[in-house]
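Generate the whole structure from the sequences, applying the supplied hints.
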Amino acid sequence: MIKIFEGAMGTALQAMGIAEQPCPEYASIKYPDEVTNIHKGYVDVGADILECNTFGANPLKLAQFGLADETERINIAGVTAARRAAKKGVEIAGNIGPSGRLIAPLGDLNFDEACESYARQIKALASAGVDYILFETIIDLQEMRAGLLAAKTVCNLPVICQLTYDAMGRTVTGTDPSTAAAILEPLGASIIGMNCSLGPEQLLPLVKELALATSLPISVQPNAGLPFIKEGKTYFPLTPKEMGYWAPKLVEAGATILGGCCGTTPAHIKAMKEAVRGMDPIARTILPAGVRLASRSKSVWLGKGHPTVLIGERINPSGRKAMAAEIKAGNLTSVKREALLQVEAGAGVLDINMGVPGMEQKKLMGQVVGELAMLVNVPFSIDSVEPEVLEAGLRAFAGRALINSVSDKQGVKDKVFALAKKYGAAILILPLGEKGLPRTAEERVAIVKKLIAEGKAAGLKDSDFMLDPLVLTVASDGQAPAETLNTLRQYADTFGYPTTMGLSNVSFGLPGREDINAAFYALALASGLNAPIINPCNAKIRRMTETTNVLLGFDNQGIKYSKNYVAEKNIPVESAEVEQGILEALSGAVIRGEKERAAHLTLQAFAEGYDPRKITSEALVRGMNIIGDDFGAGRTFLPQVMLAAEAMKSAFDALKTKINAEDLPCLGKVILATVKGDVHDLGKNIVGALLSNSGFTVVDLGKDVEPEVILAAAEKEKPDIVGLCALMTTTLGAMGETINLLQQKTTTTIMVGGAVLTQEYATEIKADLYAADGVQAVKLAKKVVE
Amino acid sequence: MTIVGQINLFNPILNNIDRAETKRYAGMGRSIHFPEAIVSEACAIVMLEKHVKTVWVVYEYDCTLGCIGHDYKIVSTGLLKHLSGSKQVVLMSATVGEDVEIASKKYFEQGEYALGLLIDAAATAAVEQAANALCNMLAGQFENKGITLTSRFSPGYGDWALEEQEQVAPLAHVEAIGVHLTNSKMLIPRKSITAVVGLRTAGANEDKQGCVQCTQKDCTMRRIK
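Protein sequences, first through last, are from chains G and D. Under the working numbering, think of the first position of the first sequence as 337, with each following residue one higher. Under the working numbering, think of the first position of the second sequence as 35, with each following residue one higher.
Incorrect hints may have been included.
Below, in silico cross-link-like pairs of lysine-lysine (DSS-like), each with a Cα-Cα straight-line distance of 25 angstroms or less [claimed, not checked]: (1) G/Lys664 to D/Lys140; (2) G/Lys758 to G/Lys771; (3) G/Lys1039 to D/Lys115; (4) G/Lys896 to G/Lys950; (5) D/Lys115 to G/Lys566.
Calculated Cβ distances over 12 angstroms to all of chain D for the following chain G residues [to be verified]: (6) Lys634; (7) Val810; (8) Ala816.
Example chain G residues on the side facing chain D (calculated, C-beta under 7 angstroms, incomplete) [to be verified]: (9) Gly443; (10) Asn667; (11) Thr669; (12) Met978; (13) Gly1013; (14) Val1015; (15) Leu1018; (16) Asn1021; (17) Thr1033; (18) Val1034; (19) Val1035; (20) Thr1065.
In case anyone wonders, no lab produced these hints; they're calculated from the structure. Computed from a prediction, not measured in an experiment: that's the story for all the values here. The beta carbon of each residue, even a glycine, is placed where N, CA and C say it ideally should be.
Printed below as a string of structure tokens:
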């Protein structure tokens, strides 16, 4: 039988004019009969589950109305109002909506505070005797996790978890239905579903997607279509008959509980109830075997029948002094860089180990997990031997993580199993006992068997386990790799769970480690390895993964693999210009921004006896002139000009290793400054770089410079030109002021530029020269000194 | 989440920096001979150094008086037109923090001019992406109430004078995300924006987007000529 929720409460309260006194939930206290009557309207048309008027009755939301202290009273009143309407057999769901704030790091709400707020509401609902806890209209997965964790802590009631999706099939913070299922099912949801935002037609494909991703019952509460506003009132277009039309389709897609959200009335609910009368939930496809991990926005399958997943091993300060020192100093740059590089190189999961001696690892793990989840979208493997460090990572991660790892260690393993159960994490089993390293595959299988039984006793399921066969160093035991491969095969025969291992340990102490690792990787894949913990940035490993994915049938006909080769061929080859002499070649190197080549050719020209002045004028400056002309004509762009300036700088630097800097030709001196009140200096820096690499001496006074400071510098340095820059209209006044002062006290030429400046304005403030861009600034400066 | 006057914080997740926009902000056009590795490096550096934060506040908007909240009377005709049909507006601010600027400056000083320039451009792309992410989030929040969002409109855009940051920044509560205004009306950190978005019900004017609508015909970032 398909159960039916009641329809909208909020819009009904609004229609009665009692939704804003001061909030809809307070109507249960102020107008209990009216609230009960709304429920009755739904009971009369056959609703099986009533939803209490407690949607916004969590203390965080109630605080906005100064009602946090009345949380218990409002929730109990909501349940009472529903109970008074319920007939025998009608169930009651304690309805819980979003807190109104986003959890950190997406927002400013602390995860623990969110859990506490929900726990308080759930306790009140449970004490009043609801049959379900119903989370609905939740837009962020982490908020749903907080609510579900809170519910599991304070009651034993079944929990319904409904998220709200947009037209693209994602929540506001990026979660799709499959990923929601991957996270919420192991976390302990009883029913998963969706409500609000869209109508039944738009929700239908999302229900289908969800049905393929979870074995749990599915609840769906669409709006009565997509709303529109007319003369200040919101209308939901679907008629009861139309809602009735879609109801059986939602059931056929996999829904087991139906209801209505915004804009639905008892008539809509009646039509839906009648449309699905006699229907039963469909039999659903069984999920494929394996373990599923997920981030907030992406889920990844690991196991037989799925492509190899690389678990990036690089976020681990053990043996990496520089990374450890950085982390100790509070700098996570290397950690973040490793995360980005590994994901770019194809890591499907990132292992995070924060084993920095002398650091409070618990706090650090929570912070790193939170920050990396803002940077990359792959699931994480939380790697620690300390249960409290694991918990900090699991709590902070808005997804389903892998725990790395549990072994047969008394006093620890029970805690780790409990953590996996509580946070819905998968767990990696390491066949290590208290008696030391098990040498044979049989010993390892025996330890794993025991640990799996204990994990299952703690509530874990087959879909929660991954196995590590143990990788020992071949240099110390020649038979160790063979035993690891044998263990992989026995794991596959005995358990069938996905396997992982840190394989680079095999080559420790030997030369050519990369080759050994790559060969071992191929052998391990053939023996049943699914997800190596590895450095995905290693080119050999990457190539091996791509080729084995072709050979194992995960890259049909090698299409993805072949694309790499196409891409390589498409790399544009530098045009083979005919360069007749070394100076022409050097000009070409400057034009193309080839730094190393420019330096090399400069030294070569010097060695061949060319005068530095000739090298400068006939090669370097000529190159800059050509690219400057190209820029002026729109044939090339600013970044290319800057690359040419880099090549020029590298050539000058090379020349300075052979002669004194003073012997290089100096065209003149320019003082540069961004005027008072303006904090932009990129434009000025570009001009400075181009001038100094065209032979000028540049004195850069920086940004936000007072007119008096510029005057003092002009009097001291006696430049040929003072260049002033302003980017914003609000600082053009300061530019005029500076010019005025300089012209009163000096005779220096004043050049101005900046995004908002025009020739007209430059003339108005009596600047001598106006340069529209850096290239023109160089041309004008040359004219001044000629 | 739509209480008038309430300060709301949202730190969007940016999993990448838009390379095409980065190149455009760097003034690169359809350049073909430029090392993509430098663009990648600039985007990677901004990914590492960005600290993305946004804040938004809903205000009542009196269409006939052109008044946001109680006090802010709009004089810009472009903005008045942009907000026609809106009964409420969202004032927002987004920033990617100061570290991106420090990075750009550092590379420039080291003589890696192109990289410094591209980091600056990538940071601009990032702050735009952050503001877009906030708008997408808001669209999701409001669409089930039958409300649509206009595009973003910022001080300094069209005939909305930059000087009005003085009124706009406090209304957007920029201080909640660590942004402040200098005496010369500039936002610090530099890679920050403020903007207004109209909350529109049905039947409002067609919302012309971006450069088509802007009156600054000589703007260097203009996409249409």
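Return the numbers of the hints above that this structure violates; sort them in rising order. 2, 3, 4, 6, 10, 17, 18 and 19
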